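Could you put the whole structure together from the sequences, leaning on the hints where they help?
Heads up: the protein sequence lines correspond to chains A, B and C, in order. If you want this note's numbering, it's the position in the first sequence, counting the first as 1, plus 258. If you want this note's numbering, it's the position in the second sequence, counting the first as 1, plus 160. If you want this note's numbering, it's the position in the third sequence, counting the first as 1, plus 464.
Calculated directly from the structure, the hints in this document are not laboratory data. From a predicted model like this one, the values you see are computed outputs, not experimental measurements. A couple of the hints might just be wrong.
Said to hold, decoys possible - Some residues of chain C that are not near chain A, with every Cβ distance over 12 Å (derived):
#: 1; residue: GLU476
#: 2; residue: GLY514
#: 3; residue: SER536
#: 4; residue: LEU567
#: 5; residue: VAL630
#: 6; residue: ASP683
#: 7; residue: ASN707
#: 8; residue: ALA725
#: 9; residue: ARG731
#: 10; residue: THR733
To be verified - DMTMM-like cross-link-like pairs, simulated, lysine to aspartate or glutamate; straight-line CA separation at most 20 Å:
#: 11; chain 1: C; residue 1: LYS555; chain 2: B; residue 2: ASP213
#: 12; chain 1: B; residue 1: LYS233; chain 2: B; residue 2: ASP269
#: 13; chain 1: C; residue 1: LYS634; chain 2: B; residue 2: ASP269
#: 14; chain 1: C; residue 1: LYS634; chain 2: C; residue 2: GLU608
#: 15; chain 1: C; residue 1: LYS634; chain 2: B; residue 2: ASP213
#: 16; chain 1: C; residue 1: LYS634; chain 2: C; residue 2: GLU582
#: 17; chain 1: C; residue 1: LYS634; chain 2: B; residue 2: ASP179
Ideal placement from N, C-alpha and C gives every residue a C-beta, glycine not left out.
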Amino acid sequence: MAEARLGWVEQLGKRTLGLIAEVGYLSALLVESLYWLVAGSFKRQPVRVSAVFSEMMRTGVSAIPIVFLLSFSIGIMLAIQGIHTLRTFGAESQVVIGIALSITREFGPLITGIVVAGRTGSALAARIGTMVVSEEIDALRVMGIQPVRYLVSPVLLAMLVMLPALTVMADFAGLLGGAVYSAMDLGISYAAYADRVISVLKTGDIFQGLSKSCVFATVITLIGVANGFTVTGGAEGVGRATTRSVVLAISGIVIADMVFTWFLNR
Amino acid sequence: MSFGHRVEKGYAVVELRGDVDLARSPEARALILQCLEKKNDLLVDLSEVAYIDSSGVASLVEGYQMAKKEGLKFGLIGVSEAALNVLRLARLDQVFPIHADLDTRIADDG
Amino acid sequence: MLTPEPQKGNAELVIEVQDLVAHYGRHKVLDGINLTVRAGEIHIIMGGSGSGKSTLLRHLLGLRRLTSGRISLLGQEIEGIHRQALLELRKQIGVSFQGGALLSSMTVGENVTLPLREHTRLDESTMAIMARMKLEVVKLGGFEHFMPAQLSGGMTKRAALARAIVMDPKLLFFDEPSAGLDPVVSAELDELILRLRDAMHMSIVVVTHELESAFRIADRITVLDGGKILISDTVDKVRSSSNSRVQDLLNRRPREEELDADAYLARLTGE
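Quick look at the structure:
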């Protein structure tokens, strides 16, 4: 009995240590990628602009349709639920406030983050994991090319640009979805809806969403990359790392979102 | 040690010296292309070259190709055994006109 | 005056390994390795799988931390080396990995050009010509627009070699050049290694388990077994070595392990 309990405590201790080690590794990775972004060009080892652009295409531009579709749907759902709830108080015309605030502060960045975590986070883990397995990372290293500078910094920069950009688009798509349903159900004209949204929203609301998306960009990139770099065990290991990176990235986003929202709204 | 060039008997002669390596081959390339732009027939004198790496050889290749396009004569003179080995590796010894010195080249030109 | 013995100063030695010990977890994989590679020689590191030769290579490439001992490459100690110094050192070292390790997202030409693009400020046309020259050297002229996935095993190795030598390194590492290749292709690669040494005065370290290829090109051979060096000497001395284990390896005789009956019984019963 005592032995079993010790085992359990030991397990907890081991897990905690593992978690701390992982967070430490992620932080080191972040510091190093930022270091190369800033100091790379002074050391004549710049982060290539072309690499950043191709990452922006890959992570950002090609995610536009799906992010748009999902945000639009969320906008409609918020309108449906909002009107349903507010109807009990006879205040359904106030639904615009709810839609405007929850889209810009919460759902825009969150949906964008989850979509990108699923697409880019997993792709990063798979790409870098495959490179580890096929000795490409070692090859970069012995050629004197820092893998973090060459592979991670461009992605981080691209994500820090594209995620907020996608979030702005998601905000519009979500608000549009809300407008479409409100127009159908309550007969609010698009112009009136837009007026109401503009009067309700403050810069702070949008800014809150955008700063969240920057945090998400960092979390997705680091978790994807870290899982890729630590791949062991061949192709199967790459598969495991890919799955793990998606689950961890989405969990990371949601938890970061909660912490962020908690501190920003107290 | 900077590279030199002279004009002799109708040829511009670029004299490469010392190490023609990653650091100094851009200079050699610029000099060769510059002489060719002036529509001079060109010989590259390698007799003072201690070491030439593939960036140096690449500059020679580019020069030769440009000379051919412009219809100018091009050749190497004073090629040491070490330099010849580097050329041989990529079978370029069979590509470049190589002569011992300016006079044998002119004799060969007939 | 008699010809003096060639000086064995640091300038002559491109690789110096002293008392190298390395572990995987608690398992000791390299034990008391002492090794020197001289400038301009082709040095073969040989041994079966599990002999520790791959681990030794990773140490020589600075990809693993050593437990104890010291390694110096081209006169530079690599443990605790400053980042910038390591970078400079790596520009003078070429490595051809067993599986090629070409970046799969780039064409063969881009792969070969990569070190130049990252480390030099040469003109674009110079870099392109250099890359094509090296591809010609390894007989892959015209393949620059291929993707690595489109190449056969032998071609991949040759492309990797082209990338390894594109900066004209002083020291070249070649991991298992003949593994998985047919004898003709592998003989061609051997020929190429000899030509590279002669033309560029490279010092070349080849890790292999192929005896035939080893004897064809080596100046000196180091034989590893069970994480220890059995012998490190000239081809003739290795051939005529009286060490029975060396002879077993040379004649491809499987090793008769001495059987400890008690330990064996314990292993089988899992105790």
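Do the hints match the structure? See the list:
1. GLU476: holds (24 Å)
2. GLY514: holds (18 Å)
3. SER536: holds (16 Å)
4. LEU567: Not fine: 6 Å to the nearest Cβ puts C:LEU567 too close to chain A.
5. VAL630: violated (10 Å)
6. ASP683: Its Cβ never comes within 12 Å of chain A, the nearest being 23 Å, so this holds.
7. ASN707: Holds, since 33 Å exceeds 12 Å.
8. ALA725: holds (35 Å)
9. ARG731: C:ARG731 is indeed farther than 12 Å from all Cβ atoms of chain A, at 26 Å.
10. THR733: Given that every Cβ of chain A is farther than 12 Å from that of C:THR733, nearest at about 25 Å, it holds.
11. C:LYS555 - B:ASP213: Measuring from Cα to Cα gives roughly 14 Å; hence the hint holds.
12. B:LYS233 - B:ASP269: holds (10 Å)
13. C:LYS634 - B:ASP269: violated (39 Å)
14. C:LYS634 - C:GLU608: Given that 20 Å is the threshold and the Cα spacing comes to 25 Å, the pair is violated.
15. C:LYS634 - B:ASP213: Within the cut-off at roughly 11 Å; holds.
16. C:LYS634 - C:GLU582: holds (18 Å)
17. C:LYS634 - B:ASP179: holds (15 Å)
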